[in-house]
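Spelled out from the first residue to the last, the chains are:
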Amino acid sequence: MKNIFALITTCILGLSLSYGQMYSTRNAEITFYSYAPLEDIEATNKQVLCAIKVSTSQIQFSMLMDAFQFEKALMQEHFNERYVESHKFPKATFAGTIEDIEKVDFSKAGSYEISVSGDLTIHGITQTVSSEGTLEVGYDESLTASAIFLIELGDFNVEIPTMYIDNISSSIEIRVNAKLKPKS
Amino acid sequence: MRLRYSFILFICSFMTPQLAQSQEELLDLLAEEEEPLTQYTIATFKGTRIVSGHTVETQAEGVMQMLIGHRFGRLNTGWRDLFGLDNATVRLGLDYGITDNLNIGIGRSSYTKIYDSHIKYRFLRQRYGAKPFPFTATAMASAMIRSDLRPFGNIDVPVSSRMYYTYQLMIARKFGDWLSLQVTPTLVHRNLVQSTNDKNTIFSLGLGSSIKLTKAMRFNAEYYMILPSNQIQSDIQGEKVRNAFSVGIDLETGGHVFQLHFTNARGMHEKFLASETTGRWLDGDIHFGFNVSRVFTMYDRYAKREKRAARKSSL
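Chains A and B are the protein sequences, given in the same order. According to the working numbering, the first sequence is numbered sequentially starting from 1. According to the working numbering, the second sequence is numbered sequentially starting from 1.
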């Protein structure tokens, strides 16, 4: 009996110990760009959830696909209806790790080069992606993370009809910019 | 026994932090921050018209749609008229989104030289998720004026007698992502009618459907039923007024929607559909026709909204 208590205590202790410093925001910005011969397309999502946990060097994003804002309303409809099928796959997520987080001194303001890798899920398909980025520790204890990813639409089963090959690029640039605040 | 517990304890002490590190936990924390998810149904119909009548769809804020409609003559006119191709009527129209839900539009039809204008408001939207709602509803009011010389024989009539009005309530639901149905109670008011046997205000029930065939193609059908059927007694050019039935397909390219259809209605407006359709499908009084729409984005609505919000907060 005593041992069971010990077991439970260990579990709880282990759990609470692993809770380190957390940073989060619900207003991270993700913009994607498609550069094609006939047309450049960009869309921004300003309601991206982002969290960083220092002790485990985890970084995660979660966003609703239909919150991407396009200048052209019809393009936004096509994006949701025909390409990413938001009614079937409402969310996109990224779950990864900051590989060289030990370089970052969270007590001192400054900018640090980091590399990130992890699983990106779009259109119901998960792919491993990695990129370089920067992590900026602010004077106000905030944390600004930014990175650029390049993805291939084909990897995520998003088909571009041959008719629009000159309008929509098959490789998409994703720019991430998140200003996070410490979470108590 | 003791040893076994100690062993489990040992394993657990390693496992727990590991478990806590799993990606799930952080996402759960994110999920806590998330508001419950409600999403609007989009693209119930591809365009603002099923064939000739309106759909619940509206143009987004700052979007101008140019709509060109053609209806050729009847197929049963035979080869001398190239199955109706020699005998086309056209409607040119512009629709504009004042907000995402409020639209205005103007148009001009060559058939009886009618100018039309409308205002359209989408006041309910179908949505799913945390706060679901089962259908989309849009109301539309329009006014038309005939500009042809001597529309009623050899008598002069005041301008008011050339006026027509229609009022519509459109209720539509998208089932899954492939089928959309619409019910459209319609009132058509005609200031002047041919005889005292004809009602000035006609009630007509519109029904519409759209079925997704591929990502870029849909099959549409539209039916306008005069209910009860005895509201119009007079003939038009010797033919009885009938219910309008149209079938067509939508072909979508980037900024265009092409709609190709067969219909027994000649006009491209509710007034024609509900009160002046004389063709009979079984006799081959079928018109081939098409609509082409092109949208132009007049300004970036999100940028404008942000500016508006910034101005508000600075006041």
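It is worth saying that the hints were derived from the structure and are not from the lab. Some hints here could point you the wrong way.
To be verified - Using 25 Å as the maximum straight-line C-alpha spacing, the simulated PhoX-like pairs for lysine-lysine come out as follows:
| # | chain 1 | residue 1 | chain 2 | residue 2 |
| --- | --- | --- | --- | --- |
| 1 | A | 179 | A | 108 |
| 2 | A | 183 | A | 46 |
| 3 | B | 215 | A | 179 |
| 4 | A | 88 | A | 181 |
| 5 | A | 46 | A | 103 |
| 6 | B | 312 | A | 46 |
| 7 | B | 215 | A | 103 |
| 8 | A | 103 | A | 183 |
| 9 | A | 88 | B | 312 |
| 10 | B | 240 | A | 46 |
| 11 | A | 88 | B | 131 |
| 12 | A | 91 | B | 131 |
| 13 | A | 46 | A | 91 |
| 14 | A | 46 | B | 307 |
| 15 | A | 91 | B | 312 |
| 16 | A | 179 | B | 131 |
Said to hold, decoys possible - Pairwise CB distance ranges (calculated):
| # | chain 1 | residue 1 | chain 2 | residue 2 | range |
| --- | --- | --- | --- | --- | --- |
| 17 | A | 119 | B | 249 | 35 to 43 Å |
| 18 | B | 141 | A | 183 | 34 to 42 Å |
| 19 | A | 36 | B | 227 | 25 to 33 Å |
| 20 | A | 171 | B | 215 | 16 to 24 Å |
| 21 | A | 171 | B | 129 | 27 to 35 Å |
| 22 | A | 39 | B | 40 | 41 to 49 Å |
| 23 | A | 171 | B | 282 | 29 to 37 Å |
| 24 | B | 227 | A | 119 | 35 to 43 Å |
| 25 | A | 54 | B | 66 | 53 to 61 Å |
| 26 | B | 312 | A | 138 | 24 to 32 Å |
| 27 | B | 215 | A | 148 | 24 to 32 Å |
| 28 | B | 38 | A | 108 | 48 to 56 Å |
| 29 | B | 117 | A | 150 | 43 to 51 Å |
Since the structure is predicted, the reported quantities are computational estimates derived from the model, not experimental observations. For every residue, glycine included, the Cβ atom is placed at its ideal position computed from N, Cα and C.
To see whether the hints hold, each was checked on the structure:
In summary, the hint linking residue 179/A to residue 108/A is supported, as the alpha carbons are separated by about 16 Å, within the 25 Å threshold. Among the hinted pairs, residue 183/A with residue 46/A is consistent with the structure: their alpha-carbon atoms are about 20 Å apart, no more than 25 Å. For the hint linking residue 215/B to residue 179/A, the alpha-carbon distance of about 38 Å lies beyond 25 Å, and the restraint is violated. Between residue 88/A and residue 181/A, the direct Cα distance comes to roughly 32 Å. Violation of the 25 Å bound is thereby established for this hinted pair.
Between residue 46/A and residue 103/A the CA atoms are separated by roughly 29 Å; this puts the pair beyond 25 Å, and the hint is violated. With a C-alpha separation of about 20 Å, the suggested pairing of residue 312/B with residue 46/A holds against the 25 Å cut-off. Between residue 215/B and residue 103/A the alpha-carbon distance is near 48 Å, which puts this suggested pair outside the 25 Å criterion. In summary, the hint linking residue 103/A to residue 183/A is supported, as the alpha carbons are separated by about 21 Å, within the 25 Å threshold.
Restraint check for residue 88/A and residue 312/B: not satisfied, since their Cα atoms lie roughly 37 Å apart, outside the 25 Å limit. With a C-alpha separation of about 58 Å, the suggested pairing of residue 240/B with residue 46/A is violated against the 25 Å cut-off. Between the alpha carbons of residue 88/A and residue 131/B the distance comes to roughly 17 Å, so the proposed pair stays at or under 25 Å and holds. For the given pair, residue 91/A sits about 18 Å from residue 131/B by alpha-carbon distance, which is consistent with the 25 Å threshold.
In summary, the hint linking residue 46/A to residue 91/A is supported, as the alpha carbons are separated by about 14 Å, within the 25 Å threshold. A threshold of 25 Å between alpha carbons decides the hint, and for residue 46/A with residue 307/B the separation of about 15 Å falls inside it, so the pair holds. A threshold of 25 Å between alpha carbons decides the hint, and for residue 91/A with residue 312/B the separation of about 32 Å lies outside it, so the pair is violated. With a C-alpha separation of about 30 Å, the suggested pair residue 179/A and residue 131/B falls outside the 25 Å cut-off, and the hint is violated.
Between residue 119/A and residue 249/B the CB atoms are about 41 Å apart, so this pair conforms to the stated range of 35 to 43 Å. For residue 141/B and residue 183/A, the Cβ-Cβ distance of about 52 Å falls outside the hinted range of 34 to 42 Å, so the restraint is violated. Hint check: residue 36/A to residue 227/B, Cβ distance near 51 Å, so the stated range 25 to 33 Å is violated. Roughly 21 Å separates the CB atoms of residue 171/A and residue 215/B, a value that falls within the hinted 16 to 24 Å.
For the pair residue 171/A and residue 129/B, the beta carbons lie near 32 Å from each other, so the given range of 27 to 35 Å is met. Checked against the hint of 41 to 49 Å, the pair residue 39/A and residue 40/B fails, with Cβ atoms roughly 26 Å apart. With their beta carbons about 55 Å apart, residue 171/A and residue 282/B fall outside the hinted range of 29 to 37 Å. At about 58 Å, the CB distance of residue 227/B to residue 119/A disagrees with the hint of 35 to 43 Å.
Distance hint check: the CB atoms of residue 54/A and residue 66/B are about 55 Å apart, consistent with the given range 53 to 61 Å. For residue 312/B and residue 138/A, the hinted distance range of 24 to 32 Å is satisfied, since their beta carbons lie about 28 Å from each other. A hinted range of 24 to 32 Å holds for the C-beta pair residue 215/B and residue 148/A, which are about 30 Å apart. Hint check: residue 38/B to residue 108/A, Cβ distance near 43 Å, so the stated range 48 to 56 Å is violated.
Roughly 49 Å separates the CB atoms of residue 117/B and residue 150/A, a value that falls within the hinted 43 to 51 Å.
The structure fails to meet hints 3, 4, 5, 7, 9, 10, 15, 16, 18, 19, 22, 23, 24, 28 from the earlier list, while all remaining hints are met.
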